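2 protein chains.
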Amino acid sequence: MKPIEECSIAVAGLGLMGGAIARALKALKPERIIALDMDGETIMAALGEGIIDEGYSLAAETEAPGTVLPRADFVYLCLNPSTMLRFLERWMPAFKNGALITDIAGIKGNIVTAVEKTLRRDLDFIPGHPMAGAEKGGFENSGLVNFRGKNYIITPLAQNRRENLSWLKNIIHRMGFGRITETTAEEHDRKIAFTSQLCHVIAGALIDCEEDTAITRFGGGSFEDLTRIAMLNAPMWTELFIENKTELLRRIEQFEGSLDAFKALINAGDARALEERLSAVRERRVSMNTKEIVR
Amino acid sequence: MKPIEECSIAVAGLGLMGGAIARALKALKPERIIALDMDGETIMAALGEGIIDEGYSLAAETEAPGTVLPRADFVYLCLNPSTMLRFLERWMPAFKNGALITDIAGIKGNIVTAVEKTLRRDLDFIPGHPMAGAEKGGFENSGLVNFRGKNYIITPLAQNRRENLSWLKNIIHRMGFGRITETTAEEHDRKIAFTSQLCHVIAGALIDCEEDTAITRFGGGSFEDLTRIAMLNAPMWTELFIENKTELLRRIEQFEGSLDAFKALINAGDARALEERLSAVRERRVSMNTKEIVR
Numbered sequence: 019m020k021p022i023e024e025c026s027i028a029v030a031g032l033g034l035m036g037g038a039i040a041r042a043l044k045a046l047k048p049e050r051i052i053a054l055d056m057d058g059e060t061i062m063a064a065l066g067e068g069i070i071d072e073g074y075s076l077a078a079e080t081e082a083p084g085t086v087l088p089r090a091d092f093v094y095l096c097l098n099p100s101t102m103l104r105f106l107e108r109w110m111p112a113f114k115n116g117a118l119i120t121d122i123a124g125i126k127g128n129i130v131t132a133v134e135k136t137l138r139r140d141l142d143f144i145p146g147h148p149m150a151g152a153e154k155g156g157f158e159n160s161g162l163v164n165f166r167g168k169n170y171i172i173t174p175l176a177q178n179r180r181e182n183l184s185w186l187k188n189i190i191h192r193m194g195f196g197r198i199t200e201t202t203a204e205e206h207d208r209k210i211a212f213t214s215q216l217c218h219v220i221a222g223a224l225i226d227c228e229e230d231t232a233i234t235r236f237g238g239g240s241f242e243d244l245t246r247i248a249m250l251n252a253p254m255w256t257e258l259f260i261e262n263k264t265e266l267l268r269r270i271e272q273f274e275g276s277l278d279a280f281k282a283l284i285n286a287g288d289a290r291a292l293e294e295r296l297s298a299v300r301e302r303r304v305s306m307n308t309k310e311i312v313r
Numbered sequence: 019m020k021p022i023e024e025c026s027i028a029v030a031g032l033g034l035m036g037g038a039i040a041r042a043l044k045a046l047k048p049e050r051i052i053a054l055d056m057d058g059e060t061i062m063a064a065l066g067e068g069i070i071d072e073g074y075s076l077a078a079e080t081e082a083p084g085t086v087l088p089r090a091d092f093v094y095l096c097l098n099p100s101t102m103l104r105f106l107e108r109w110m111p112a113f114k115n116g117a118l119i120t121d122i123a124g125i126k127g128n129i130v131t132a133v134e135k136t137l138r139r140d141l142d143f144i145p146g147h148p149m150a151g152a153e154k155g156g157f158e159n160s161g162l163v164n165f166r167g168k169n170y171i172i173t174p175l176a177q178n179r180r181e182n183l184s185w186l187k188n189i190i191h192r193m194g195f196g197r198i199t200e201t202t203a204e205e206h207d208r209k210i211a212f213t214s215q216l217c218h219v220i221a222g223a224l225i226d227c228e229e230d231t232a233i234t235r236f237g238g239g240s241f242e243d244l245t246r247i248a249m250l251n252a253p254m255w256t257e258l259f260i261e262n263k264t265e266l267l268r269r270i271e272q273f274e275g276s277l278d279a280f281k282a283l284i285n286a287g288d289a290r291a292l293e294e295r296l297s298a299v300r301e302r303r304v305s306m307n308t309k310e311i312v313r
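One line per chain: the protein sequences are Z and B, in this order. Quick note on this note's numbering: the first sequence kicks off at 19 and runs consecutively. Quick note on this note's numbering: the second sequence kicks off at 19 and runs consecutively.
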């Protein structure tokens, strides 16, 4: 890959994350950023803010990818997983020869399988997952997303070119991310089922099980912290939950096992064992490094 | 009650919350703040920082309350619930005639029952629960606790003097708290079981069910937010969970009901119903006012 300053970049999907990524890429002064989004107003807003140099509404100009992709050295796919797979399939012939492609999907197994089946041999697709977000969705909130020091997972394919991997990791760091973890799609899906999807299911269930919204008068911060992510993008999380359902259900059951253990100790009034288990939990959480940034 | 500037205040227990309360009270320039704590070093530190005017280590001077309480117009009990009940029983004869007493215990039913049985007729005890904290414990971290705009629950007794209630609420606001909710001990315990205790059990179970502490490399913020409160004060939460076990177990089961519903939808791959339920969750959480401050 040539230096980013000489690259034309296509960003497909200017939602919360696509918008945030376009903003971060723009700061790296690429030759050109061209955006594709279903929504014409989003394209107008992004052009107005100077975040993109050129943009097309896919609703109005359904064939736009056919003229945009042949010009893009680097393509960031910021679409929901199913939309992205349809987009890749439909526009595979249009990508520029030798283009580097990456994505942001929160599940990787099915994507890697599909990409390995359909990708043109001259293209390089490096699957990725930026671990950032915000509780408000859409391009209009994309300025709120903070990449600084955040985790980024990439799940390289066997055929990825080494120099492209280095190039992409450098761009990811320059966008502000901290720790980049390289792993397999399987490990990604297994771990994300715990750190991300299980947490969203829990937050959802917490809100689901109490109808009285005025109960927040009794909140001291923990309820607010545990349920902030319940303000989720329902269509996207529905896809992620169902696509990763084997791992996610396993994680929910693992969590329920611990919940049942606490329930039994509380029910038995076994203060000694309960305190011991809570102390162990405290120690484990304290020992977890949630801040480490490796650059 | 006379103006706080003319009051001598006793603070029993200079832990995380007692320390934070002493700091906030000191800023209101009372006549005198006298502290009691098991730990002599804590007393020395608080004296050194000028947060208290006088202090006694209960380990070294077990009879200190007998000379401190007769001088205190206002007593803030910042002890674990069981310790507080023992303290009240042991020192009931020592309180100054007409003193106003309040506490910070996270459970109220058993305390109100005990206080109604043992309180001297001339004393006024207003049970309270400041909804604030921090994930690090002890006096040394009490400067990290932020009261600004936080909720405060009081569960007045029938015999509380109206003017004392107004006086205390004014002090609470002046310490920085936002919304003060007056309710019964029963309602407090019912709602706190949900907003606070259930959340701590969930955070604990989330940490309990995964041994790999390096999984935080896959964290994007939600896992960190959901488990921050797992860094809890194990002895205190053990007491709170067991003392409120009927309500807490009911809340855990209510939560498990919602979790099971999500599990079933995910397992069935029912995208439409799952998306609908997640959208409803999102709407409910968005409609919850977690910031409102009424002063």
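Just so you know, these hints were derived from the structure itself, not from any lab. What you are looking at is a predicted structure, and each value in this text was computed from that prediction instead of being measured. Treat the hints with care, as some may be off.
Given that identical chains are not distinguished, each listed pair holds provided it fits within a single copy or across any two copies.
Calculated pairs, EDC-like style, for lysine to aspartate or glutamate (alpha carbon to alpha carbon, straight line, at most 16 Å) [said to hold, decoys possible]:
#1 47 - 57
#2 154 - 91
#3 154 - 140
#4 135 - 271
#5 263 - 293
#6 263 - 140
#7 44 - 23
Query raised in the report: Against which earlier hints does the structure fall short, listed by number upward?
Result: Going through the list in order, the structure violates hints 1, 2, 3, 4 and 6 and respects the others.
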